[in-house]
Every structure is written in structure tokens, then in C-alpha cells.
Amino acid sequence: DVKVTQSSRYLVKRTGEKVFLECVQDMDHENMFWYRQDPGLGLRLIYFSYDVKMKEKGDIPEGYSVSREKKERFSLILESASTNQTSMYLCASSLRLAGGYTGELFFGEGSRLTVL
Amino acid sequence: AQKITQTQPGMFVQEKEAVTLDCTYDTSDPSYGLFWYKQPSSGEMIFLIYQGSYDQQNATEGRYSLNFQKARKSANLVISASQLGDSAMYFCAMSGGYNKLIFGAGTRLAVHP
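Top to bottom, those sequences are chains A and B. For the record, in the first sequence the residue sitting at position 99 is 99 according to this note's numbering, with numbers rising by one throughout. For the record, in the second sequence the residue sitting at position 55 is 55 according to this note's numbering, with numbers rising by one throughout.
A few of these clues could be false.
Unchecked claim - One side only, chain A facing chain B, incomplete, derived with CB under 10 Å:
{"#": "1", "residue": "Glu-17"}
{"#": "2", "residue": "Glu-22"}
{"#": "3", "residue": "Tyr-35"}
{"#": "4", "residue": "Val-52"}
{"#": "5", "residue": "Lys-53"}
{"#": "6", "residue": "Pro-61"}
{"#": "7", "residue": "Glu-62"}
{"#": "8", "residue": "Tyr-64"}
Unchecked claim - DSS-like mimics (lysine-lysine), calculated; alpha carbons at most 27 Å apart, straight line:
{"#": "9", "chain 1": "A", "residue 1": "Lys-71", "chain 2": "B", "residue 2": "Lys-73"}
{"#": "10", "chain 1": "B", "residue 1": "Lys-100", "chain 2": "A", "residue 2": "Lys-3"}
{"#": "11", "chain 1": "B", "residue 1": "Lys-100", "chain 2": "A", "residue 2": "Lys-70"}
Claimed, not checked - One side only, chain B facing chain A, incomplete, derived with CB under 8 Å:
{"#": "12", "residue": "Phe-12"}
{"#": "13", "residue": "Phe-35"}
{"#": "14", "residue": "Tyr-54"}
{"#": "15", "residue": "Phe-68"}
{"#": "16", "residue": "Ala-88"}
{"#": "17", "residue": "Lys-100"}
{"#": "18", "residue": "Leu-101"}
Bear in mind the hints are in silico, worked out from the structure with no lab data behind them. Even glycine gets a Cβ: it sits at the ideal position worked out from N, Cα and C.
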């Protein structure tokens, strides 16, 4: 079974703190994604990566950065956490299909971040 | 730019009846994929069904079918014979642009006994 593991299910941080959210997948998938999920807004793409050291901005990259030094690991970094970054963060991975299109996403269990 | 729209924030259905969850999309890409995911209250995201833009037939997976109308840019999910365990959030998604997958806002389905 594909497994996508997020390092923390629940985090509480203070405004201005640097926050690291880690994600590891064990299926050798090329693509990895970070989404945030907020009620009424669905899942919004923050960043994605299609290869080691490669990253692309999603729809809401402001205030976030990412790192992909190894194929299996994709980290989301909040340089200076703010209260409007309180949310559920979902990591996902997928195969890269012919033509560059994305296969089925496999999700982690999510990390609920609260910024006080 | 690609866009996914789910216009029904909430739906309810009686157990054993069929229900249709709406999804419309917008893309200029000639090749794309459409997905539906289920998210129960436990929070996990469960893949339900996939439709490729060039697929001639509507996708089906057990009680789930995808009513794909390419000219209308719609990809509605039909759940037949609803069960109490179908109560969940349902998200429509589209692979648009290189490696990107975007989601709609979701529809919360409640199945009543």
C-alpha cells in the first residue's frame, strides 16, 4: 500500500515562529504536493514538486516555501507563522503520467496547525 | 487558468436513493483528467473515480459513476443506492497544467435513514 506520512497530526505555534511540516512517501512517486484545506474553500494548492529539487508555485504560495532534497521527502516551511495560516495541511504524492499529467493522488492524514 | 466549481455546498439524500453531485470545470488544455475524492469525518481523502478527457465512456466504479459531458464541461458524480456510510465531503478535482491537480470547494453529503 502507498503510504504518505506527515510528521505531525497537530501543532500549536506562536505568531512569528518558523514552522516545518514534513511529508514522506514510500512509493517512489515523482510528484508531491502541499495543500491547505479550509471550510468552504476546499483544498488549495500551495506548492508542488515534480522532481528532486524542483518546485512550482500553486495558487497560494505566499508565506510558504518548500524543500525537496530527496525524492521521498517534501517539506513545507512557514518562515514566520501568522494566525491566518491556521489550517489543515495535506500532503499528497502521485505518479507522473505520460505527457506530464498527474495520476491519482495519495494523501497523508493531514497536519492541523494552529497559530496563536 | 483552470478552475473547478462545485455549486452545492450541501446535499442530503434518503438511504437507498441515488444522488448526483455537480462539478463543472474550465480549462483550455485539450487533455486533462477529472477525479472525485471522498473525505469522511475522519479526515482521510479517499479516491473514488477518474475520467480522462479522451475517454469515450463514462467511468464507473461500483456504486459510483461519473457523468462526463465534455461539451458542457461537467463531470458530475452519481452515487447509486446511497448508504449511511456515504455521508462525507466530496471533492471534484482536475489535473490541469503540467503536474498540477486543483480541487473544488466540495459538497457535504448527508445520507438520511
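To see whether the hints hold, each was checked on the structure:
1. Interface restraint check: Glu-17 (chain A) against chain B, minimum CB-CB distance 24 Å, threshold 10 Å, status violated.
2. For the restraint placing Glu-22 (chain A) at the interface with chain B, the shortest Cβ-Cβ distance is roughly 18 Å, beyond the 10 Å limit, so the hint is violated.
3. The restraint placing Tyr-35 (chain A) at the interface with chain B holds, with a minimum CB-CB distance near 7 Å, inside the 10 Å limit.
4. Evaluation of the Val-52 (chain A) hint against chain B yields a violated restraint, the C-beta minimum of about 14 Å exceeding 10 Å.
5. Annotation: interface hint on Lys-53 (chain A) violated; nearest CB of chain B at approximately 15 Å, more than 10 Å.
6. With 10 Å as the threshold, the beta carbon of Pro-61 (chain A) stays out of range of chain B, its nearest partner Cβ sitting at about 13 Å, so the hint is violated.
7. Interface restraint check: Glu-62 (chain A) against chain B, minimum CB-CB distance 17 Å, threshold 10 Å, status violated.
8. Hint status for Tyr-64 (chain A): violated, given a least beta-carbon distance of 16 Å to chain B, over 10 Å.
9. Under the criterion of a C-alpha separation no larger than 27 Å, the hint pairing Lys-71 (chain A) with Lys-73 (chain B) is inconsistent with the structure, at around 35 Å.
10. This hinted pair checks out: Lys-100 (chain B) and Lys-3 (chain A) have alpha carbons roughly 20 Å apart, not beyond 27 Å.
11. The straight-line distance between the Cα atoms of Lys-100 (chain B) and Lys-70 (chain A) is roughly 20 Å, inside the 27 Å bound, and the hint therefore holds.
12. Because the beta carbon of Phe-12 (chain B) sits about 18 Å from the nearest beta carbon in chain A, more than 8 Å, this interface hint is broken.
13. The restraint placing Phe-35 (chain B) at the interface with chain A holds, with a minimum CB-CB distance near 7 Å, inside the 8 Å limit.
14. The closest approach between the C-beta of Tyr-54 (chain B) and any C-beta of chain A is roughly 11 Å, which is over the 8 Å cut-off, so the hint fails.
15. Because the closest C-beta pair between Phe-68 (chain B) and chain A is about 16 Å apart, greater than 8 Å, the hint is violated.
16. For Ala-88 (chain B), the interface hint is violated, since its Cβ never comes within 8 Å of a Cβ in chain A; the closest pair sits about 14 Å apart.
17. Annotation: Lys-100 (chain B) was flagged as interfacial toward chain A, and the flag holds, the nearest CB pair being 6 Å apart, inside 8 Å.
18. Hint status for Leu-101 (chain B) relative to chain A: holds, with the closest Cβ pair at about 5 Å, below 8 Å.
Hint compliance for this structure: hints 1, 2, 4, 5, 6, 7, 8, 9, 12, 14, 15, 16 are not met, and every other hint is.
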